[in-house]
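Student: Given the sequences, and given the hints that come with them, work out the whole structure.
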Amino acid sequence: RLRHASIVGLVEVFDARQKLWIVMECCAGGELLAELCKHDHGWTAEHAARASRQLLGAVSATPTRPRVADEAEAVPPSQVSYIHERGVVHRDIKLPNLLLTHASMEHGDVKLADFGLAAAIASAEYAAATPARRKACAGIVGEAYWGTPLTMAPEVMRDDAAYGPQCDVWSCGTVVHALL
Numbered sequence: 002r003l004r005h006a007s008i009v010g011l012v013e014v015f016d017a018r019q020k021l022w023i024v025m026e027c028c029a030g031g032e033l034l035a036e037l038c039k040h041d042h043g044w045t046a047e048h049a050a051r052a053s054r055q056l057l058g059a060v061s062a063t064p065t066r067p068r069v070a071d072e073a074e075a076v077p078p079s080q081v082s083y084i085h086e087r088g089v090v091h092r093d094i095k096l097p098n099l100l101l102t103h104a105s106m107e108h109g110d111v112k113l114a115d116f117g118l119a120a121a122i123a124s125a126e127y128a129a130a131t132p133a134r135r136k137a138c139a140g141i142v143g144e145a146y147w148g149t150p151l152t153m154a155p156e157v158m159r160d161d162a163a164y165g166p167q168c169d170v171w172s173c174g175t176v177v178h179a180l181l
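Counting from 2, one number per residue, gives the positions in the sequence shown under this note's numbering.
Keep in mind the hints are simulated off the structure, nothing from the lab.
Hints may contain errors.
In silico SDA-like cross-links for lysine to any residue, where the CA-CA straight-line distance does not exceed 20 angstroms [to be verified]:
id, residue 1, residue 2
1, Lys20, Ala121
2, Lys39, Phe116
3, Lys39, Ala49
4, Lys39, Leu180
5, Lys39, Ala29
Tutor: What follows is the structure, given as structure tokens:
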């Protein structure tokens with residue numbers, strides 16, 4: 002359902018008797034958090050901006066590294082915009098769920114992974130809303146909270162929680178803050 006150049010691809014799923022095996026696209030650079038921890042004084046502003054743009058802004062082709070024709074879109078929207086447009090809320094965006102395609106940020110791209118806590122918003126209100134209105138949609142109501150408390154939006158932790166894509170936007174803000 003989700004095919005995007007900046008989302009880790011699902012290759013195959015094997016259902017063995019008591020185990021479920023999931024084969025995903027290889028992201029040789031590992032977790033973005035591990036790359037960030039390698040630098041004693043944090044990242045340069047350029048690296049932080051590049052990772053933030055890939056998570057939040059448009060991922061665009063550059064003259065030195067053009068996009069290949071078989072990617073999901075020629076100039077894909079950000080991972081978060083893409084999943085929200087399709088009615089999916091990730092609910093656990095954090096540094097360990099952002100993977101690098103290459104061992105260094107200079108040569109790698111950031112990919113969003115781990116949709117284990119994701120939820121689909123299947124409401125008529127959400128489907129009919131404009132993209133700007135979807136960000137404020139409260140399509141998930143009354144569920145126990147899911148995610149990582151350190152990067153979780155405050156409204157998600159409430160007993161009477163009603164939230165939607167805006168909880169992912171909050172989590173993106175915590176990631177960008179950590180990158181800086």
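Student: With reference to the structure, classify each hint as holding or not holding.
Tutor: Going down the list of hints, with the structure as the test:
1. Lys20 with Ala121: Outside the cut-off at roughly 25 angstroms; violated.
2. Lys39 with Phe116: Given that 20 angstroms is the threshold and the Cα spacing comes to 26 angstroms, the pair is violated.
3. Lys39 with Ala49: holds, 14 angstroms
4. Lys39 with Leu180: Cα-Cα ~13 angstroms, so holds.
5. Lys39 with Ala29: holds, 16 angstroms
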